[in-house]
Amino acid sequence: DAGVIQSPRHEVTEMGQEVTLRCKPISGHNSLFWYRQTMMRGLELLIYFNNNVPIDDSGMPEDRFSAKMPNASFSTLKIQPSEPRDSAVYFCASSLGTGVNEQFFGPGTRLTVL
Amino acid sequence: AQSVSQHNHHVILSEAASLELGCNYSYGGTVNLFWYVQYPGQHLQLLLKYFSGDPLVKGIKGFEAEFIKSKFSFNLRKPSVQWSDTAEYFCAVNALTGGFKTIFGAGTRLFVKA
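Chains B and S, in that order, are what the protein sequence lines are. Going by my numbering, the first residue of the first sequence is number 1, and it counts up by one from there. Going by my numbering, the first residue of the second sequence is number 1, and it counts up by one from there.
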């Protein structure tokens, strides 16, 4: 199995631009998670989906952030407009079941907003 | 609110020293417990997990953790660390009372001197 796939691996953009991060979970996994990792705040859960349905989006910082999961094999995290404080590494993870089980993390997208 | 506390943010050890990283959680009832490791520049990966049964859990690379329910703790141990154990270690917990939302601790950065 290829594991969780994220793209792009690195993104550098200017403040105000739209940023779209992509994730392909492990085939057969029905829970998907988006995390943000920074030095200051550590690892934060932004949102998670179960069977393509958003279950908990309480970690989404503000309306500039949105996430979708149109099918079982693809999810996007969009930031519009982006701000320098959004600079972080964004991880996608997937797991079997409702999220009880271990999560398999992707390689992350390192986002820099200038 | 449910939380996970890791006592040490940074730990520095010499090779062959013993390691113990503390983790406490605030959930009540049945919990599932995890330790993840993040090597420099890489994504998180599972070290070990506890769902039920023997409270002493053995994981990969010689790590183990002990679940002590009365102390709400799940400390990670390794009798003799190696330089290659340099990484950041995350404790994580989910529980029925939390809707099985996995909460990660802030992480402990371990640096092993060769």
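I should point out that these hints are in silico values taken from the structure, not numbers from a laboratory. Take these hints with a grain of salt, some might be off.
[Unchecked claim] Derived pair list, reagent style SDA-like, types lysine to any residue, alpha-carbon separation capped at 25 Å:
(1) Lys101(S) / Asp86(B)
(2) Lys61(S) / Ala2(B)
(3) Lys101(S) / Glu44(B)
(4) Lys78(B) / Gly41(S)
(5) Lys68(B) / His10(B)
(6) Lys113(S) / Asp85(S)
(7) Lys69(S) / Gln82(S)
(8) Lys49(S) / Gly97(B)
(9) Lys24(B) / Leu46(B)
(10) Lys69(S) / Pro79(S)
(11) Lys49(S) / Ala114(S)
(12) Lys61(S) / Gly3(B)
(13) Lys101(S) / His10(B)
(14) Lys68(B) / Pro54(B)
(15) Lys69(S) / Phe51(S)
(16) Lys49(S) / Ser73(S)
(17) Lys49(S) / Asp86(B)
(18) Lys101(S) / Asp63(B)
(19) Lys58(S) / Ser80(S)
(20) Lys78(B) / Lys49(S)
(21) Lys69(S) / Val100(B)
(22) Lys101(S) / Met39(B)
(23) Lys24(B) / Lys101(S)
(24) Lys49(S) / Glu102(B)
(25) Lys68(B) / Glu18(B)
(26) Lys49(S) / Phe65(B)
(27) Lys58(S) / Asn8(S)
(28) Lys49(S) / Ala2(B)
(29) Lys24(B) / Phe65(B)
For each hint, the structure was consulted:
no.: 1; hint: Lys101(S) / Asp86(B); in the structure: holds, 23 Å
no.: 2; hint: Lys61(S) / Ala2(B); in the structure: holds, 23 Å
no.: 3; hint: Lys101(S) / Glu44(B); in the structure: holds, 12 Å
no.: 4; hint: Lys78(B) / Gly41(S); in the structure: holds, 23 Å
no.: 5; hint: Lys68(B) / His10(B); in the structure: holds, 20 Å
no.: 6; hint: Lys113(S) / Asp85(S); in the structure: holds, 10 Å
no.: 7; hint: Lys69(S) / Gln82(S); in the structure: violated, 30 Å
no.: 8; hint: Lys49(S) / Gly97(B); in the structure: holds, 16 Å
no.: 9; hint: Lys24(B) / Leu46(B); in the structure: holds, 17 Å
no.: 10; hint: Lys69(S) / Pro79(S); in the structure: holds, 23 Å
no.: 11; hint: Lys49(S) / Ala114(S); in the structure: violated, 29 Å
no.: 12; hint: Lys61(S) / Gly3(B); in the structure: holds, 21 Å
no.: 13; hint: Lys101(S) / His10(B); in the structure: violated, 28 Å
no.: 14; hint: Lys68(B) / Pro54(B); in the structure: holds, 8 Å
no.: 15; hint: Lys69(S) / Phe51(S); in the structure: holds, 12 Å
no.: 16; hint: Lys49(S) / Ser73(S); in the structure: holds, 13 Å
no.: 17; hint: Lys49(S) / Asp86(B); in the structure: violated, 32 Å
no.: 18; hint: Lys101(S) / Asp63(B); in the structure: holds, 22 Å
no.: 19; hint: Lys58(S) / Ser80(S); in the structure: holds, 15 Å
no.: 20; hint: Lys78(B) / Lys49(S); in the structure: violated, 32 Å
no.: 21; hint: Lys69(S) / Val100(B); in the structure: holds, 19 Å
no.: 22; hint: Lys101(S) / Met39(B); in the structure: holds, 22 Å
no.: 23; hint: Lys24(B) / Lys101(S); in the structure: holds, 21 Å
no.: 24; hint: Lys49(S) / Glu102(B); in the structure: holds, 8 Å
no.: 25; hint: Lys68(B) / Glu18(B); in the structure: holds, 15 Å
no.: 26; hint: Lys49(S) / Phe65(B); in the structure: violated, 32 Å
no.: 27; hint: Lys58(S) / Asn8(S); in the structure: holds, 22 Å
no.: 28; hint: Lys49(S) / Ala2(B); in the structure: holds, 23 Å
no.: 29; hint: Lys24(B) / Phe65(B); in the structure: holds, 19 Å
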